[in-house]
Every structure is written in structure tokens, then in C-alpha cells.
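*Asks:* Taken in order, these protein sequences are the chains called A and B. If you read the first sequence in my numbering, its first letter stands for residue 1, the second for the next number, and so on. If you read the second sequence in my numbering, its first letter stands for residue 1001, the second for the next number, and so on.
Certain hints may be false.
[To be verified] Think about it this way: if two alpha-carbon atoms lie no more than 27 Å apart in a straight line, the pair counts; the simulated BS3-like pairs of lysine-lysine are: (1) 110(A) <-> 129(A); (2) 1095(B) <-> 149(A); (3) 143(A) <-> 182(A); (4) 1006(B) <-> 149(A); (5) 316(A) <-> 379(A); (6) 112(A) <-> 8(A); (7) 74(A) <-> 110(A); (8) 202(A) <-> 1095(B); (9) 129(A) <-> 143(A); (10) 202(A) <-> 353(A); (11) 1087(B) <-> 143(A).
Treat the hints as calculated values from the structure; they're not laboratory data.
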Amino acid sequence: MDRGSVTKVLLVEDDPQDAYLVTRALTRPSEFEFAIKTVGWLEEALGLIRREPFDIALLDLNLPDSTGPETVSKLQKAAPLLPILVLTGAETEDIAVETMRRGAQDCLLKGKSEPAVLRRVIRYAIERKGLLEHVIRQNERLKELDRLKSEFVSVVTHELRTPMTAMKISLSMLENGPPDLKHAENQESLQMLRRNTDRLMKLINEVLDVSRIESGRLQLNIQDTDIVGVIHEVMSLLSPLLRERQCQVSADVLDENIYAQCDREKIVQVLVNLVSNASLHNEPGLRITLGARHQGNQIRMWVADNGKGISEEEQKRIFQPYYQVRCQGETYTKGTGLGLAIARGMVKAHHKKLALKSKPGEGTEFSFELDALPVQDLKVERTKSWKMRDLVTTAELYDRRVRVQFKGMLFGVHIQTLLEIIQEVLSRWSPWMALDLSECTHIDSRGIGFLLECRALAMEFGGNTVLVSLAPNIKQVLLKIGLLNSVPHYLSLAAAMRAMKRESESSRKSSTRIFT
Amino acid sequence: MEARKKILIVEDEEDVRVGLSRILTRGGYDVDQASNGREALERVREAGWYDLIVLDVLMPVQDGYQTLDELRESGYEKIPVILLTAKFSTVDVAKGHDRGAGIYMRKPFDPIELMNAVHYLIGESNKAGAASGAY
């Protein structure tokens, strides 16, 4: 209760004289203001609290339609969150204690309290009720945690014991098997051992993920992420399971260039959990769609299926850790019940929400958003283009940093001339340079040498080079020779420019430190 | 030569089922497999008899206890049963005993213990059979 706010009081008192005294005590000038509504019958009070919010009820115990401590119970039942202060004519300690037991915050003798005391008692009663509610909510939360703990023990023991049994069996088979470890039978036992070790490892990771999520310790590694690449990775990771479950999965993307800022690994896991859940909880033959679309400055992603759907009742519970959907009449479930809780936690760590839309018999769709990679409005300050046989090269200066774009084949013949031009651009414009190869169709070994030369030149001038938007075939070549490990590369020009800005600023700072 | 004893393994976890079946085959038994309770009942009806059933409790379609009940109702109550379980409480043990399960094995068990239990139960039911035959 704050200074200056009005406290809304419901006075339940049938004696006009008593009602007048209370009202007068509360309407005296004071730093706390009270708005009072008076009713004479309990029935009226019960009707009024349904329509209007009150901060407290002052309750007489001798009403025409209810008498004694029972009155407190009736009001308490109708409004469990409303603090109640009992006013009695003839107070005995027994009655006072009885009313408190039934949920009243305090019990006062009518006409015997100073107005200041009455006001104070009202304020304390409201505070006490607030604290009590807080404790009750905490208690509910602890009960929920306790339930989780029991579920944890029960699920984890089963999920630990089963692979452990298979491991003991494989070990026993190895001990008593043929002496040659390469023997086919022993190899099978080893595979069984590996499979089940992996399964245990997966369980341990899931339990750790849930505990990190629950305690808010999940750490993200945000990076520029190619969402179409993520979708294809998820589909290939799950292809054995999807084949086994006879599911058809298709990607729904209109644009190949969908980039988001997110933790790539975590988003892969979210999608893996959603898709594998869909396949495990539906009949074979299911169709699953994995989609992504630009929506303003967001990327909307979804996993939709045409399966049996999730009832409203279950929708409320399936995100709880260790909760498992049970088929009607079955006591058996497979898995740990952690997949959805982890998916939701990981989306939430990105400050987004994992939404669920489902109708029994029609299918289910899980969706969430990610921040799209911002496409900055880069203002071009200067442009210079050259055409050399199959290669068009454009050098542009944005925000004091250079982007050199290659269109066509970056083959040996042009390179000497190109290097001279690049050197000129670097010395006149800026030593910070993004080499954009997104429209470069081919590259040979001298082309790769050229990229490294550019980098060396830029560093000579006190700057550096990054690569941006590699065409897939070129990316493959650069990956194969390991160049992408040493040269930073970005999916968009904007991201590359941002990275260079950061680097140029930090190098300026460090050089300042050195020279001062 | 005495006929090889026949054992049915009922377990939904493929690795456990195949592994156990291999170990018991090495131990000199004929082994059939089923991956849930319903399949198990079909196997038993087809074969008409097993010398022992190794039965997992937690399975899809039909769990171990239901399967035990149906076996008893279908007149196969004399087949000795070893129950395998990952959950283990006195309630579970009582549920098993009420249905006449011979031995409870708690996962993860040592395959040697299972083998000992198999030898013991198969020997036991033979003796019981021999004794009743004498009367």
C-alpha cells in the first residue's frame, strides 16, 4: 500500500451507528485515503466483491443473514485473496482466535480503537495478507519443483538403467566371445556398447540442459546463421529416424537467403527436438514441414505436421520437463519428456516464445521467431569498376571501409592487374576491405593466392580483410583448403562491415595505448 | 539326447532383447523373441509351450503385468517367468508375486545372474513336474 493511493474498503455492518463511527474514523484527514462502501447484509457483500475490487473487508460478525466466525469463512471462500478485518461488539479471545483460523487477518473490538489505530490495523492487515499470498505462491512453486524432482528420479532411473543393461550385456558378450576383437560378433557387441554409451551421454546432456535452463545459466553463442543451411542440417541429422518412422519431411522456404542472428547449435537442437517429437508421437506416414520466412525484421520458423494433434488439456502440460504424453490406456512412454522443455527454454534464451497451435485430428504447428540479420543501409561514398575479360570488379567505399566485389571467374590471368588496382584502393581509400565473392562463379588456386595477397596488403597498410557472402561452390573450395579457418567470413555485407568497424576501432584503441 | 529347453524373451529394447537372446543361445537354449506383450502371447499360443519366459515389465502395447495376467488366464500359469524391471519398489515386487512371477531381475543386472536364475528356474520346474508326475 503506497502513500497517496486510495484504499478501497468494503464495510459489512448492519448497525448504522457502528457503520457511521468506522466511516468517520477513516475519513479523517490523513496521509492515507480510504474509499468506503457499506453494506448491511453478507449476501450483499458477496455480490459486491464479484463486481468490484476491494483492498480489504471490515466484517461485523452479527449480520442479519450470518452470525459468528462462520461469516468469515463464507467471505473468505468467495474472495480468497481479500484481506478480512473482523469487527466485533463483544470480543472474547476464543472468538478472535477462531476468526483468525478461518482466514481473518485481525480482530478488533468495535468503538474501542482510536481512528489512528484502526487505520494502522487496516494497513497492517493488507500487508500481512500480501505476505501470506506470497508464501502460498512460493509454496506452490516448491511443490512443483518437488514434483519435478520425483519425475526426474523416476524417468532418469529408467532411462539410465535400460542402456546400462545393454552395456552390461555387451561387456559380458565381449568377455565370453571369440578371442579376436575384429571378429564380427565382437564388432556387433562393440557397436551395441557405443550406441548405448551415446544414449547415456544424450540423456546426461539433456538433464544438464534442463538444469541450466531452469536456473537461467544457459549461455548463447550468437552468430550470423544461414537458416536454410540449418533446416537442411536438421533434415539430414534426422533422416535415419524419419526413414524408420516413414515420415516425409519437406522444407518450406521461398528465399534461399534467410539469415538470422542466433545460436546456431541451439536452434538446430530446437528443430531436431520438434521434428523428432512429431515423428515419435504420430503414426507412420506423417508429413512434416520445416519452414522459414522473413517477417519484417524477424525470421519466423515453424515445424508443422498433419498428425493427430494435441488436446487443449495436454497443450498446457507438454512443456513441463519430464512430462510425457501418454496414449489412451497406455502406461508406457518412450523418451525422457525433456525435448519440448529444452526446445522452449532454448527459444526463450533468445528472448523469443515457442508458440503451439494444434487441433486434435488436424495436426500441430510449433513456431518461433528469430532476429533477422539487420540489413544496414550502407551509404556508398565512392565507386570504381573494372572489366577484365570474364571478371567484373567493383570497389566501393562505405562508411570508410572498402568492399571489393567480384563477378565472374577469379582466374590467374587477371590477378597481377587486380592486385595493382587493389593496392591503389587500399592506399587511397581504406585498408579495411571486404572481399565479396557471392557473385564470383569460379576460383582457381591462383585466385585463392590472390585472396591471401589482398589480406597481406591490407595488413601492410594497417587494416585487414574479411570475406563476405561466398557462393556455395567457392565456399566448398575454401573450406577444403582450410582457408575459412583463418580468414573471418560473414553472410552479409552489413555483418562484415560491422565486424570490420569493431576491429578497426579496437585496433585504433590498442595502438593509442601503445603510443601514449 | 534330451531336447533343448525353449525360452521366450519379451523385451522392447532391441539391444537388450538381441543381446540376451545371444547369451542364452550360447548357454545352450533355444530362444524366441517378442518385442511386446501381445506378440509374446502370440508366440506362446503358436509354440504351445515354453520352458521359461523372460518378461520385461515396461513395454508398449501391453506391459509385463497385463501379459502375465493373460498368460495365467490362458492356462499357461505353469511356465516360470523372470520379470525384468528398471523401476523397483516393494509394490512392483508384490505385483509380480501376486501374478506368480518366479524371479525379479532389476536392471541393470549382470547377465551371469540372469543365467543362474534361468538354470535354477528351469531345473526347479522340471523337479516340480517330475514330482507331480510321480503322484
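*Asks:* Are the hints correct? Go through all of them and say.
*Replies:* Taking the hints in turn, this is what the structure says about them:
no. : hint               : in the structure
1   : 110(A) <-> 129(A)  : holds (22 Å)
2   : 1095(B) <-> 149(A) : holds (25 Å)
3   : 143(A) <-> 182(A)  : violated (53 Å)
4   : 1006(B) <-> 149(A) : violated (43 Å)
5   : 316(A) <-> 379(A)  : violated (49 Å)
6   : 112(A) <-> 8(A)    : holds (23 Å)
7   : 74(A) <-> 110(A)   : holds (21 Å)
8   : 202(A) <-> 1095(B) : violated (32 Å)
9   : 129(A) <-> 143(A)  : holds (21 Å)
10  : 202(A) <-> 353(A)  : holds (25 Å)
11  : 1087(B) <-> 143(A) : holds (23 Å)
Hint compliance for this structure: hints 3, 4, 5 and 8 are broken, all remaining hints hold.
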